[in-house]
Amino acid sequence: MALTLSLAHRPFSVELATGIMLPDGIFDGALPQQSINVHVRNDGPSATPEAEAYIEGLSDPGIQVNAYLIAIPALEPGELHLCSWPCNFEQSSPGKTRLSIRVKTETGHTIRLMAKIFVSRTHYDIPRREYVCRVPEGEFRLAVQETSGPPQEPNPNGEGYLDLPGPWIIRRFSSTLVQPFSGKYGPLAFDDPWWKVVAWIIAAISAISAVIFATRGQGTASGGIQCDYDEVTGPTTNCRSPDPKPSNGPSEISAASIASGIAAYAVKVGLADEIDPWRRGQHATPVPDDETTLSEIVDVELTPLEDLVAGVQFGVRVNWRYSRITDRAIHTFAVTEERKNTALAGKHILRAPSPVKVNEHQVTIEAEIPNHLGQLYSGVQLFTYVIIKPPAGTGGEFRIVLSDPKCEGVYRGIFNLARAVSQLRERKDGYLGDWRLYLVAQNINLAPDGLPPEEAAKFIGGSPIVAPFSVALRSVNCPVTLPDAVMTIVDA
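If you count the sequence shown from 1, position 329 lands on 337 in this note's numbering, and the numbers rise without skipping.
One thing to keep in mind: the hints can contain errors.
For each label pair, taking beta carbons as the anchor points, the in silico distance ranges come out as [stated by the list, open to error]: (1) Glu463 - Pro144: 14 to 22 Å; (2) Val73 - Pro144: 19 to 27 Å; (3) Ala82 - Asp297: 51 to 59 Å; (4) Asn379 - Tyr193: 31 to 39 Å; (5) Val494 - Glu416: 21 to 29 Å; (6) Val320 - Lys192: 35 to 43 Å; (7) Val343 - Ala82: 52 to 60 Å.
Keep in mind that the hints were calculated from the coordinates and are not lab data.
None of these values were measured; they are calculated from a predicted model.
C-beta atoms are modelled at their ideal positions from N, C-alpha and C, and glycine is treated no differently.
Use the sequences and the hints to build the structure in full.
What follows is the structure in structure tokens.
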């Protein structure tokens with residue numbers, strides 16, 4: 009019996025310390041610990057048997073794979089299963105890396121599923137004070153000139169200020185793209201996303217590094233990214249956290265990283281989806297085929313017009329100036345406009361049983377997430393997970409990924425309560441009482457194979473659809489966000 013399985017989309021990256029999908033699902037060597045995530049789908053007319061899947065190989069030997077087996081249940085026609093393999097990308101090289109996944113059944117039937125993942129390489133150039141992101145098509149440099157962030161907090165020991173995890177909004181930056189080409193138009197990054205996605209990658213990775221720096225006391229993210237712009241040079245912001253006084257530990261990473269991810273997302277919103285400043289600039293400054301473009305500079309100023317809230321149509325005012333430097337002249341083009349967030353959601357629902365006896369081993373959690381028109385997201389449209397925080401005053405958190413294998417519009421996951429309670433007991437932490445649950449969702453890039461680059465570039469994944477944290481631009485105090493659900497754990 010032939011296995012009628014396929015990969016439903018390009019595999020995407022999730023940064024393991026924070027749980028966040030990276031911009032457009034692109035992997036980057038600056039962040040060592042990432043997972044490769046992809047939905048396997050049954051494309052046949054009948055059910056497939058139970059199987060196991062593993063990563064057979066990658067064309068980049070610098071990527072270290074945890075090649076354990078993932079059990080795939082029997083799949084009905086059209087049904088999905090989300091697979092995730094943790095990897096180390098510290099020694100990865102930029103490029104389109106070929107990925108081979110082998111699926112086999114107990115009866116010996118096998119199938120090889122092939123895909124490509126996009127890998128960039130970001131580092132910080134200390135002498136030039138620039139972030140540098142390398143992709144196969146060129147080198148992208150970004151110099152941050154103005155930021156907004158939380159008010160500075162004096163260090164209790166009297167020495168300077170505390171290292172804060174953000175969120176940081178890049179308000180003004182200058183980018184230089186070095187990719188010599190002849191004629192009017194240059195290549196796109198990976199022949200797919202707009203170059204603005206590379207700017208978004210830099211903003212997101214440097215924000216994640218700032219979170220790790222502040223919460224773990226590390227100056228870099230083990231890959232050469234430093235927190236250069238964690239000094240407020242523009243108006244202050246604030247982070248909406250679910251706790252008036254968040255506890256120390258992993259919980260601070262989620263709160264800060266999600267809010268910082270939304271702040272970095274303002275770069276993507278401001279630079280537009282259907283076409284970005286680099287392509288618009290090339291279109292507005294045509295040159296003959298025998299004139300060579302040596303580099304392109306885009307200077308950007310971003311002003312968020314409302315609080316940055318996932319799934320809400322907030323606006324960003326943007327001024328940008330494009331300069332094409334050729335072997336003959338400098339050609340320029342400038343734009344001032346307002347852009348709106350287009351990754352929208354309606355009112356979501358998160359369901360968890362309550363009360364639950366402490367001796368229950370597993371708990372099922374469900375979420376329904378509509379778009380702004382009321383239609384439910386389903387299946388491969390979203391990467392969704394839940395942050396579960398034990399009773400107030402207890403450090404740490406747990407995360408579970410939700411999925412919708414039957415494309416019913418209900419994302420489900422199983423929370424191993426017994427394991428969580430066991431860990432809390434070992435730490436001598438409390439576990440009876442109200443556990444708070446917070447929902448997070450990002451969209452997945454579903455560009456069909458074979459699209460022309462400029463069409464594929466219009467499909468962009470990683471946009472925040474639902475998040476319990478947002479960036480308040482004018483708040484003095486940190487507003488409290490209510491949990492999406494509460495699960496009360498009681499004695500058996």
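Outcome of the hint check:
In this structure the supplied range 14 to 22 Å holds for Glu463 paired with Pro144, their Cβ-Cβ distance being about 20 Å. A C-beta distance of roughly 21 Å is found between Val73 and Pro144, which places it inside the suggested range of 19 to 27 Å. At about 57 Å, the beta-carbon gap between Ala82 and Asp297 stays in the expected band of 51 to 59 Å. Taking the beta carbon of each, Asn379 and Tyr193 are about 33 Å apart, inside 31 to 39 Å as hinted.
Range check, Val494 to Glu416: about 25 Å between beta-carbon atoms, so the 21 to 29 Å window is met. Evaluation of the 35 to 43 Å hint for Val320 and Lys192 yields a pass: the beta carbon distance comes to about 37 Å. Against the hinted window of 52 to 60 Å, the Cβ-Cβ separation of Val343 and Ala82 comes to about 53 Å, which satisfies the hint.
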